[in-house]
Amino acid sequence: MFNKISKGASMKHKILVATFTAALGLQGALASDFDERACAALKGTKIYDTKISEAIWNQSGEIGADKMSALTGGAKKTLKAAPHCIIHGEIASRTGSDGKHYGIKFELRLSSDWNGKLLFQGGGGLDGFVAPALGAVPIRTSSATPALMRGYAVVTTDSGHPTPTPEFGLEQQARLDYAYQAIGKVASVSKQLVFAAYKKAPAHSYFMGCSNGGRSALMAAQRYPLEFDGVIAANPGFRLSRAAIAEQWDNRQLMKIAPKNAAGDKIFANALTQEDLDKLSKAVLDKCDALDGLKDGIIGAWERCKFDPSGLDLPKDKISAIKAIFEGAKNSKGEQIYSGWFYDAGVNQPGWRMWKLGDSQSAEPNARNIVLSKGSMNYYFLTPPQPEFDLMSFDFDKDVERTFETAAINDAISTKLDSFRANGGKLIIVTGVSDPVFSAMNQRDWFKKLVETNANADEFARFFALPGMNHCGGGNGIDDVDPLSALEAWCEQGTAPSSLLGKSTSRAGKQIPICAYPKVAIYVGGDENSASSFECR
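One point on numbering: in our numbering, the residue at position 37 of the sequence shown is 37, and numbering is uninterrupted.
By construction, these hints were calculated from the structure, which means they are not laboratory data. It is possible that part of the hints are untrue.
Here are the simulated EDC-like cross-link-like pairs (lysine to aspartate or glutamate), alpha carbons at most 16 Å apart as the crow flies [as the list claims (entries may be wrong)]: (1) Lys191 with Asp308; (2) Lys287 with Asp313; (3) Lys318 with Asp308; (4) Lys374 with Glu167; (5) Lys256 with Asp317; (6) Lys80 with Glu62.
Computed spacing ranges between beta-carbons, pair by pair [stated by the list, open to error]: (7) Glu364 with Ile413: 28 to 38 Å; (8) Ala203 with Gly44: 19 to 29 Å; (9) Asp458 with Ala263: 49 to 59 Å.
Where a beta carbon is used, it is the ideal one built from N, C-alpha and C, also for glycine.
Given these sequences and hints, build the entire structure.
And the structure:
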């Protein structure tokens, strides 16, 4: 809403800004004077269709752990920032068509040591919760300094519904808010509150999220191209409607081979045992580890890995299931519904198992692919919603088109970003090659289309794939990077990131460069744990 004000701004412009501030009754303080008194005064800020419920001062600066970090990639532990103001509010409070209360709740944290920037932190899963507005790099194993601790103002939102459950899919406006509209509404309100607090607009506004938050990040660039100077989309579920279908495909293949217990119940988690996945991971490493010039347990040349599971020391039905899953969801004609997946070493890691298989030893599976899709597909992706629909009977010929209406508002598939680019926008996409829920191959293919659609696309967009990393962190490869610092350098100093320094939480001291696609890190000699021993080629 507030444009950047140049040093040469006209007196008329300054008067207009001052008049606007006075008209809103904003008693903002300079950043250096922002304290408990100024924080408390923000509760009285008047913003259309917005209610500020509290503005409280956090003198200790302590921020609790993100309880939903498995879905958001947020911080898993309590952290401490400078003293700051915590604002809670709700936008567009209303009674929905289903008789329930709706509104877009948000949390905005304003630092006493403001750096002049605003970060919009994406959510995860079905949203429906307000995460701590910390601005942690949304890869939960990243050691990068969170945005609030860098001096940012940080905002989060529940995206327009109060619980992380799927019933909001029955309500039209709630669907729209979750899909994308909450982004624009919260961006506008948060910028007005930043202006009220500091008497100046943010010099830079960024959006950063993982999973559904990564999809929201791409939505920010696609549907609100003038609101954000930079966007980081990590493991983005950008084609969420098709990924939801792919979950049903995977579930079907695994349920076919799930063994029965003594009571005759199929145990879904045991369709592929840990020993099975260990064999698969080892075989993939044996085939592809050295393609980057070094056998170190990390498949740096991930795109060149051409693996066939036919020779695995596993029963034929398990090999068939693995093939079907990695080749991707198809209809009866063999036409691709969702892309395939790269074979990578991280398939035997806990993060891969919890999404694809879970660990339940009862007849009730707890794989996230089943638990989350049971709600999202039935209530949200199917039109009209069908809460009682049996997903194991999903018809890959007839039922796919029933997801198209939601896909039209939800999927962040546009590659037309000329306004975002012309406004100086920069886009960084980071994903794990071993992501078990949103295929890195699908993300790679979208990025290739972006490059084809936009001449010299590397002037505003870069794609980085982390070998061995699962969904929003974890795995057995590279799972610790700092894309926020890279975005800052790109937007603020004009230094485009040719690579990100990649570190590993499972391999102490291991560092390699994560090269901007299509280049990969090739070992050229020296200490195999040093990033300087690799070149992007």
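Tested hints:
For a cut-off of 16 Å, the pair hint linking Lys191 to Asp308 is broken: about 52 Å separates their Cα positions. At roughly 15 Å between alpha-carbon atoms, Lys287 and Asp313 fall within 16 Å of each other, so this suggested pair holds. Using a Cα cut-off of 16 Å, the hinted pair Lys318 and Asp308 holds, with the two alpha carbons roughly 13 Å apart. About 11 Å separates the Cα atoms of Lys374 and Glu167, which keeps this hinted pair within 16 Å; it holds.
Between the alpha carbons of Lys256 and Asp317 the distance comes to roughly 9 Å, so the proposed pair stays at or under 16 Å and holds. Between Lys80 and Glu62 the alpha-carbon distance is near 4 Å, which keeps this suggested pair within the 16 Å criterion. Checked against the given bound of 28 to 38 Å, the beta carbons of Glu364 and Ile413, roughly 34 Å apart, stay inside it. Evaluation of the 19 to 29 Å hint for Ala203 and Gly44 yields a pass: the beta carbon distance comes to about 26 Å.
Roughly 57 Å separates the CB atoms of Asp458 and Ala263, a value that falls within the hinted 49 to 59 Å.
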